[in-house]
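With the hints as your guide, set chain Z onto chain L.
Same order as they appear, the protein sequences are chains L and Z. Just add 212 to the spot in the first sequence (first one is 1) and you have my numbering. Just add 212 to the spot in the second sequence (first one is 1) and you have my numbering.
Don't take every hint at face value.
[What the hints assert, rightly or not] For each label pair, taking beta carbons as the anchor points, the in silico distance ranges come out as:
{"no.": "1", "chain 1": "L", "residue 1": "E327", "chain 2": "Z", "residue 2": "E483", "range": "38 to 44 Å"}
{"no.": "2", "chain 1": "Z", "residue 1": "M213", "chain 2": "L", "residue 2": "N322", "range": "40 to 46 Å"}
{"no.": "3", "chain 1": "Z", "residue 1": "V510", "chain 2": "L", "residue 2": "E483", "range": "35 to 41 Å"}
{"no.": "4", "chain 1": "Z", "residue 1": "V510", "chain 2": "L", "residue 2": "H472", "range": "31 to 37 Å"}
{"no.": "5", "chain 1": "L", "residue 1": "L509", "chain 2": "Z", "residue 2": "Q409", "range": "52 to 58 Å"}
{"no.": "6", "chain 1": "L", "residue 1": "P363", "chain 2": "Z", "residue 2": "G302", "range": "51 to 57 Å"}
{"no.": "7", "chain 1": "Z", "residue 1": "W487", "chain 2": "L", "residue 2": "R333", "range": "51 to 57 Å"}
{"no.": "8", "chain 1": "L", "residue 1": "Y326", "chain 2": "Z", "residue 2": "E483", "range": "40 to 46 Å"}
{"no.": "9", "chain 1": "L", "residue 1": "D243", "chain 2": "Z", "residue 2": "M213", "range": "35 to 41 Å"}
It should be emphasised that the hints constitute simulated quantities derived from the structure, not laboratory data. Note that beta-carbon positions come from the ideal geometry of N, C-alpha and C, so glycine has one too.
There are 2 protein chains.
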Amino acid sequence: MRVALTEVASRDGLQNEAHPVSTEQKIELIDRVARAGIRRFEVTSFVSPRAVPALSDAEDVVRGVRDRDRLVLEALVPNLRGAERAAPLGLDAWVCFVSASETHSLANSNAPTYEAIERLRPVIGLADQLGIEAIGSIATAFGCPFEGDVPIGRVVDVAHRQADLGFRTIKLGDTIGSAHPSQVTRMLAALNQALPQVEFVLHLHDTRGMSLANVLAGLAAGGTAFESSLGGVGGCPFAPGATGNVSTEDLVHFLHLEGHETGADLAALIEAGRWLETVLGRPLPARLLHSSPVGTLVDPTTMKRAVG
Amino acid sequence: MRVALTEVASRDGLQNEAHPVSTEQKIELIDRVARAGIRRFEVTSFVSPRAVPALSDAEDVVRGVRDRDRLVLEALVPNLRGAERAAPLGLDAWVCFVSASETHSLANSNAPTYEAIERLRPVIGLADQLGIEAIGSIATAFGCPFEGDVPIGRVVDVAHRQADLGFRTIKLGDTIGSAHPSQVTRMLAALNQALPQVEFVLHLHDTRGMSLANVLAGLAAGGTAFESSLGGVGGCPFAPGATGNVSTEDLVHFLHLEGHETGADLAALIEAGRWLETVLGRPLPARLLHSSPVGTLVDPTTMKRAVG
Chain L
213 MRVALTEVAS
223 RDGLQNEAHP
233 VSTEQKIELI
243 DRVARAGIRR
253 FEVTSFVSPR
263 AVPALSDAED
273 VVRGVRDRDR
283 LVLEALVPNL
293 RGAERAAPLG
303 LDAWVCFVSA
313 SETHSLANSN
323 APTYEAIERL
333 RPVIGLADQL
343 GIEAIGSIAT
353 AFGCPFEGDV
363 PIGRVVDVAH
373 RQADLGFRTI
383 KLGDTIGSAH
393 PSQVTRMLAA
403 LNQALPQVEF
413 VLHLHDTRGM
423 SLANVLAGLA
433 AGGTAFESSL
443 GGVGGCPFAP
453 GATGNVSTED
463 LVHFLHLEGH
473 ETGADLAALI
483 EAGRWLETVL
493 GRPLPARLLH
503 SSPVGTLVDP
513 TTMKRAVG
Chain Z
213 MRVALTEVAS
223 RDGLQNEAHP
233 VSTEQKIELI
243 DRVARAGIRR
253 FEVTSFVSPR
263 AVPALSDAED
273 VVRGVRDRDR
283 LVLEALVPNL
293 RGAERAAPLG
303 LDAWVCFVSA
313 SETHSLANSN
323 APTYEAIERL
333 RPVIGLADQL
343 GIEAIGSIAT
353 AFGCPFEGDV
363 PIGRVVDVAH
373 RQADLGFRTI
383 KLGDTIGSAH
393 PSQVTRMLAA
403 LNQALPQVEF
413 VLHLHDTRGM
423 SLANVLAGLA
433 AGGTAFESSL
443 GGVGGCPFAP
453 GATGNVSTED
463 LVHFLHLEGH
473 ETGADLAALI
483 EAGRWLETVL
493 GRPLPARLLH
503 SSPVGTLVDP
513 TTMKRAVG
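Here chain L stands alone, though its shape is the one from the complex (with noise of 0.2 Å):
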């Protein structure tokens, strides 16, 4: 099966980097993982500058981005400022979020839910005017770090209120990595059913190690989008051992295993990956920048003794 995938490493994943990256090193990272393969990133987000400093360069990436024509952009669009900010740039697809638990969404976009979703609507006029696609996006929509549990019937309402202003894909965000399997297998059946017409991509954290089960729930239950980010990069740099998001070499690597197609060259995003590793000064995430791609052969002449 063809599997649809969206890079997000230079938006989600350094949105709360420590480690300074320079515009022309975002630029490099869009350009590297588009030559291993991926056609659609997620490049910026066009939130205020002063709450994420380290996006505060979102035109400057959009413009500098190589070889648009091959590719497909999008990026965050959070208000009308963000909107009115991203309108000169010929983005392909603004997206726009809210979190599916009230209190994530009063800390994250200062209103309620519902309220957030209305205050969507001019984004999503000034998005037709233009002719770019809107997407809507859903975080905290397996659990929220404030309220935990958020029930299923409630992001099919929050789906449904954004399918209701036109989006026709709605991005599913496990904000903090809190997703599991059959989770996973009941929401998609239960948002399938509610929307038929909507696609809906899974975008998925490894904060507890599950992001690869979530994937498999996934694509057993219909879903043939994930977004991930080059690296594995997002988690907080100072929790040793806490992830960001599902990286894209485990990915791809996952699923090219089980049979799927993704259009990506594993090989050219580990040299990404790599290189990435060596603009943030330390050992990313991903399992497969310490790892070797399976079937990679040892000599037996150099094996220890010892049974696993």
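Same frame as chain L, but now just chain Z:
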């Protein structure tokens, strides 16, 4: 569903450990995991102390295990010499392994696979005589570091020969962490069809982040028994980010989220994992040692405003 877990940290987890671990610490490791509710342990291995110096205290570890009447104690017994060492110790089960792949068998057991199986006869004879259960184990069942792919038919054949020797339980070792879910599905389907009287135990490594996805596939294929190691120890300490067995903490956390029962107390396992980190003097790969169980709530006032 009830899932049976075997803790292998004191054997597989420590056999390649560079950091010295005392006999007392191994006994305490087992004790801490036992107090967290795990009942079955692969305690140690009676391999040649020259081959695996880290396990040369095998007898003392077995003798030192506390509350052993409440526990089921297994140990690896590779040959008659090992069996003679293990015989007086009153173990509940001896684990007799072979490698599915010829090159690994030659490197590890100094004999081709079928010859290695034949060599187990006197070991099983002694176990029978002593009323000790003999458990089979197949290393490189999902891939060989020297040969790569191991055909499922080969594993079925090896399992058949082990079953013919009288084993009623056989462990399937994903020695190099190369298994992927659809392979686990096909493997268990083939084995369950060929040998319906045998119980198969999945021994998974997390080298490429696929272990919990493989657990999911294993459960779906009817598997109810898994092995894991506290902290996820077992990786090469000289390869940053490399991980060993699926960690007991992450596995128990995952199984509980998926609605299964293990009898284990996750908080106590995490505490034991933190203790093992202090013993080994480094952060261990278990994700739950660097994140929190799903459902742990954060105070919203501590939130940094940024979306994920």
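Against the structure, test the hints numbered earlier, and report the numbers of the ones violated in rising order. 5, 9
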